[in-house]
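Enquirer: Spelled out, the chains give:
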Amino acid sequence: MPEPLLFETTKPTCQSISSTEVRDLFTLWNNALATLNPATVASRYSKEAVLLPTVSDTPRNTNALIADYFVEFLKKKPQGVILSGDIFIGCNWAQDAGIYEFTMGKDGSKVKARYTYVYIYEDGAWKISQHHSSVMPEA
Amino acid sequence: MKPQGVILSGDIITGCSWAQDAGIYEFTIDGFKVKARYTFVYVYEDGEWKIS
Chain A
1 MPEPLLFETT KPTCQSISST EVRDLFTLWN NALATLNPAT VASRYSKEAV
51 LLPTVSDTPR NTNALIADYF VEFLKKKPQG VILSGDIFIG CNWAQDAGIY
101 EFTMGKDGSK VKARYTYVYI YEDGAWKISQ HHSSVMPEA
Chain B
1 MKPQGVILSG DIITGCSWAQ DAGIYEFTID GFKVKARYTF VYVYEDGEWK
51 IS
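For the protein sequence lines, the chains are A and B, in the order given.
Numbering-wise (the numbering used here), the first sequence opens with residue 1 and increments by one.
Numbering-wise (the numbering used here), the second sequence opens with residue 1 and increments by one.
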């Protein structure tokens, strides 16, 4: 009997994560906002992440473009709260989609928006692979 | 309204039994054109790819 080849016996290992832990990933992102450092916020995103941000038409598909968006956004001193959302967990990825609200520390204004986060397990850490944010269409 | 869409640009990432596609698409609805930003996440469920 020949030895089985390694690739025949290796199955993908799924990193376990709970719904609570998925939601906590938003807290990490929100805490990064609180640093007011665009590079710190951008470090929450994966290598090939795509950000479709709230107040910019340009899809941000590089780490530099993502950081560039937060240079302006962080000037408002935003802090977010998830109001409602649905979580789905797969193998080494998870999604969280719903409605969040930002309070801008600069002027106290509030803005509700719809969000989607896709998180992936990359290089031993959960990172944002995709983040879509848009203002409420009927507001 | 007979909507029909075309993807103008987008970025795709594939994983284990899932994939994402995010970018900009354009709908033609009753002869009018509307551009919008889209995100699709697809999962392999019961032998088929579905939008998650």
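Check the hints yourself; a few may be wrong.
In the DSS-like style, the derived pairs of lysine-lysine whose C-alpha atoms are separated by at most 27 Å in a straight line are [as the list claims (entries may be wrong)]: (1) B:K50 x A:K47; (2) A:K106 x A:K75; (3) B:K50 x A:K127; (4) A:K77 x A:K112; (5) A:K110 x A:K47; (6) A:K112 x B:K35; (7) B:K50 x B:K35; (8) A:K112 x A:K75; (9) A:K77 x A:K110.
Don't read these hints as lab results, they were simulated from the structure.
Enquirer: Each hint should be assessed against the structure and marked as holding or not.
Expert: Taking the hints in turn, this is what the structure says about them:
no., hint, result
1, B:K50 x A:K47, "25 Å, holds"
2, A:K106 x A:K75, "8 Å, holds"
3, B:K50 x A:K127, "23 Å, holds"
4, A:K77 x A:K112, "15 Å, holds"
5, A:K110 x A:K47, "31 Å, violated"
6, A:K112 x B:K35, "22 Å, holds"
7, B:K50 x B:K35, "23 Å, holds"
8, A:K112 x A:K75, "18 Å, holds"
9, A:K77 x A:K110, "12 Å, holds"
Hint compliance for this structure: hint 5 alone is broken.
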